[in-house]
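Asker: Listed below, chain by chain, are the residues.
Protein chains: 2
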Amino acid sequence: MKVTLAIHGGAGNILKKNMAPERIAAYEKALAETLHAAYDLLKRGGSALDAVEQAVCLLEDCPLFNAGRGAVLNALGEHEMDASMMDGKSGAAGAVTMVQQIKNPISLARAVMEKTPHVFIGGQGAEDFARSIGMPLMDKTYFHDEYRYRQWEKLRHTTTVSLDHNVSGNEKKFGTVGAVAFDAQGNLAAATSTGGMMNKMKGRIGDSPLIGVATYANNESCAISCTGHGEIFIKQVVAYDIHCLMQYKGMSLREACNFVVNQKLVQVKGEGGLIAIDKNGEVEIVFNTPGMFRAMKTAAKEAVAIFR
Amino acid sequence: MKVTLAIHGGAGNILKKNMAPERIAAYEKALAETLHAAYDLLKRGGSALDAVEQAVCLLEDCPLFNAGRGAVLNALGEHEMDASMMDGKSGAAGAVTMVQQIKNPISLARAVMEKTPHVFIGGQGAEDFARSIGMPLMDKTYFHDEYRYRQWEKLRHTTTVSLDHNVSGNEKKFGTVGAVAFDAQGNLAAATSTGGMMNKMKGRIGDSPLIGVATYANNESCAISCTGHGEIFIKQVVAYDIHCLMQYKGMSLREACNFVVNQKLVQVKGEGGLIAIDKNGEVEIVFNTPGMFRAMKTAAKEAVAIFR
Numbered sequence: 001m002k003v004t005l006a007i008h009g010g011a012g013n014i015l016k017k018n019m020a021p022e023r024i025a026a027y028e029k030a031l032a033e034t035l036h037a038a039y040d041l042l043k044r045g046g047s048a049l050d051a052v053e054q055a056v057c058l059l060e061d062c063p064l065f066n067a068g069r070g071a072v073l074n075a076l077g078e079h080e081m082d083a084s085m086m087d088g089k090s091g092a093a094g095a096v097t098m099v100q101q102i103k104n105p106i107s108l109a110r111a112v113m114e115k116t117p118h119v120f121i122g123g124q125g126a127e128d129f130a131r132s133i134g135m136p137l138m139d140k141t142y143f144h145d146e147y148r149y150r151q152w153e154k155l156r157h158t159t160t161v162s163l164d165h166n167v168s169g170n171e172k173k174f175g176t177v178g179a180v181a182f183d184a185q186g187n188l189a190a191a192t193s194t195g196g197m198m199n200k201m202k203g204r205i206g207d208s209p210l211i212g213v214a215t216y217a218n219n220e221s222c223a224i225s226c227t228g229h230g231e232i233f234i235k236q237v238v239a240y241d242i243h244c245l246m247q248y249k250g251m252s253l254r255e256a257c258n259f260v261v262n263q264k265l266v267q268v269k270g271e272g273g274l275i276a277i278d279k280n281g282e283v284e285i286v287f288n289t290p291g292m293f294r295a296m297k298t299a300a301k302e303a304v305a306i307f308r
Numbered sequence: 001m002k003v004t005l006a007i008h009g010g011a012g013n014i015l016k017k018n019m020a021p022e023r024i025a026a027y028e029k030a031l032a033e034t035l036h037a038a039y040d041l042l043k044r045g046g047s048a049l050d051a052v053e054q055a056v057c058l059l060e061d062c063p064l065f066n067a068g069r070g071a072v073l074n075a076l077g078e079h080e081m082d083a084s085m086m087d088g089k090s091g092a093a094g095a096v097t098m099v100q101q102i103k104n105p106i107s108l109a110r111a112v113m114e115k116t117p118h119v120f121i122g123g124q125g126a127e128d129f130a131r132s133i134g135m136p137l138m139d140k141t142y143f144h145d146e147y148r149y150r151q152w153e154k155l156r157h158t159t160t161v162s163l164d165h166n167v168s169g170n171e172k173k174f175g176t177v178g179a180v181a182f183d184a185q186g187n188l189a190a191a192t193s194t195g196g197m198m199n200k201m202k203g204r205i206g207d208s209p210l211i212g213v214a215t216y217a218n219n220e221s222c223a224i225s226c227t228g229h230g231e232i233f234i235k236q237v238v239a240y241d242i243h244c245l246m247q248y249k250g251m252s253l254r255e256a257c258n259f260v261v262n263q264k265l266v267q268v269k270g271e272g273g274l275i276a277i278d279k280n281g282e283v284e285i286v287f288n289t290p291g292m293f294r295a296m297k298t299a300a301k302e303a304v305a306i307f308r
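First to last, the sequence lines map onto chains A and B. If you count the first sequence from 1, position 195 lands on 195 in the numbering used here, and the numbers rise without skipping. If you count the second sequence from 1, position 121 lands on 121 in the numbering used here, and the numbers rise without skipping.
Please note that the accuracy of each hint is not assured.
Said to hold, decoys possible - Pairs of lysine to any residue, SDA-like flavour, derived with a Cα cap of 20 Å:
(1) B:K2 <-> B:D61
(2) A:K202 <-> B:P136
(3) A:K89 <-> B:I232
What the hints assert, rightly or not - Derived coverage of chain A by chain B (criterion: at least 3 residues anywhere in the stretch with Cβ under 8 Å from a Cβ of chain B; other residues may be distant):
(4) 126-138
(5) 192-202
(6) 208-222
(7) 232-238
(8) 265-277
Simulated from the structure, these hints should not be mistaken for laboratory data. Because the structure is a prediction, the values reported are computed rather than measured. Glycine is no exception: its CB is placed at the ideal position from the N, C-alpha and C atoms.
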């Protein structure tokens, strides 16, 4: 019974010299705990869909990552979160954008997928839907984090938008969180969640909630979750591009990921990376930035890493 | 100096027997006027980007079509409009979603592309941005249409969502409007705009504002604007799929459009169609529904049509 899991917590200019050892340890611990919890779920026969949801919920709940509780602030000093999920078995998908009071945006994305005729719901409508299905809305103080607030204060009177990792030489954590899984039934699933770019315009929607861009899963090819400069990822339709390179050009997952991340994205200065699993359960983690918070586990191998 | 233009006003269960002759004539007149205005712009040396914007603005201003002034109503009886645009020359793109008071959402999508670091902005943030660049916001009465209101009243207490063309045997106009153009410099552009599905949940985002789904343009392959059942189009990443079939599998535009619309979409019950132009200026219009409001013009040919 082969199962496979990979998770990420964002890519960027993440350098060891800029991070205190205890922060490195805190990130590694959060990644490892998330990895083990979701992998155990898969080992117990849980579905890929349940595993990616659980992994992303744990990362959303951890203030170290830019998603859920740790979401960065937009130009008005507000949180606006995005998430998306896709089921490789059925091709079903769900996504939410511009939600402000949802503890776990990825679970709301799943509810959109399973309980509405729609794929993508945004803003107040998404929060109204959450309320209608009994999902608790959090007080906005739940998302307040002093570290994020100080980051934002440095940018607030500028027009600079940031993935987090370009902020004045800081440790540059961010981007996004995500998970991809291959379960014992051979099904794939992918999930992505984010607070977006710091100091983004109100209402800015990045790649994270977009099916085919940051999130894609198809049992015939692969499951993918991306992180990086959303605007460029949107125009490159990154996740679906990898599917197409495999399906139409016969590339392996490794070839397709390398071609997209290290050639096509580099040509258009699209910083970022992705995690992927193919239909045989093989994992690829590729990024063109100095670092990426990441972890993966198969029967044969386990790895938790941040730097190159 | 070869230039080419194609426009659409939605696809669906549009049957001659359900439409009065004077309504047919009104649609044909609106399509022809839009076609001629934007084609003349191209003939005078105007850019593909300007031509698709102008065509979509004219269709948005016409209450016959489900976009701009003629937008349908969501479950709360409100208008929520979406639009997107892509420049095949530069790869730049812009999109807006959930705007309620913008006369021409496509022009706001263009402003997002040209005046912000972002690609996609939604809701209040998009309207705040419109105000900040001096774009006038319309009173909501501008969008009120008695015909749309009566359509919605039939659905409002149901959970039915509709492209417009499934409403109780009516004439079933809708979907979306869009344009693709090939200009004298050999550049391609695509634009799409919609009021979405009637009686949709508040905040529902369909395919129309999504780059790679309803709208895609790339001078190396083609420009595409789609219309149809948005949720299915999202999961199929329709527009980018056609690009990939051409680039990675060597299909012609015709082969790619037919494969996607008449095979892949039909297999998943994805009703709809698309207009496309390849890098040589050749036009394809393909739909798997009984009808599609459409028009195209090249140096050699002009056509305005509704039914199969």
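Asker: Hint by hint, note whether the structure agrees.
Answerer: A quick look at each hint next to the structure:
Restraint check: the Cα-Cα separation between B:K2 and B:D61 comes to about 28 Å, which exceeds 20 Å; the hinted pair is violated. With a C-alpha separation of about 19 Å, the suggested pairing of A:K202 with B:P136 holds against the 20 Å cut-off. Annotation: proposed proximity of A:K89 to B:I232 holds, straight-line Cα distance about 15 Å (limit 20 Å). With 3 residues bearing a CB less than 8 Å from a CB of chain B, the region 126-138 of chain A meets the requirement of three and the coverage assertion stands.
Only residues whose C-beta sits within less than 8 Å of a C-beta in chain B count toward coverage, and the region 192-202 of chain A has 3 of them, enough to reach three; the restraint holds. Against chain B, the region 208-222 of chain A contributes 5 residues with a C-beta closer than 8 Å to a partner C-beta. That satisfies the three-residue criterion, and the hint holds. Figure legend: the region 232-238 of chain A, annotated as covered by chain B; annotation consistent (3 residues with Cβ-Cβ distances under 8 Å, at least 3 required). Counting residues of the region 265-277 of chain A whose CB lies closer than 8 Å to any CB of chain B gives 1, which falls below the minimum of 3, so the coverage claim is violated.
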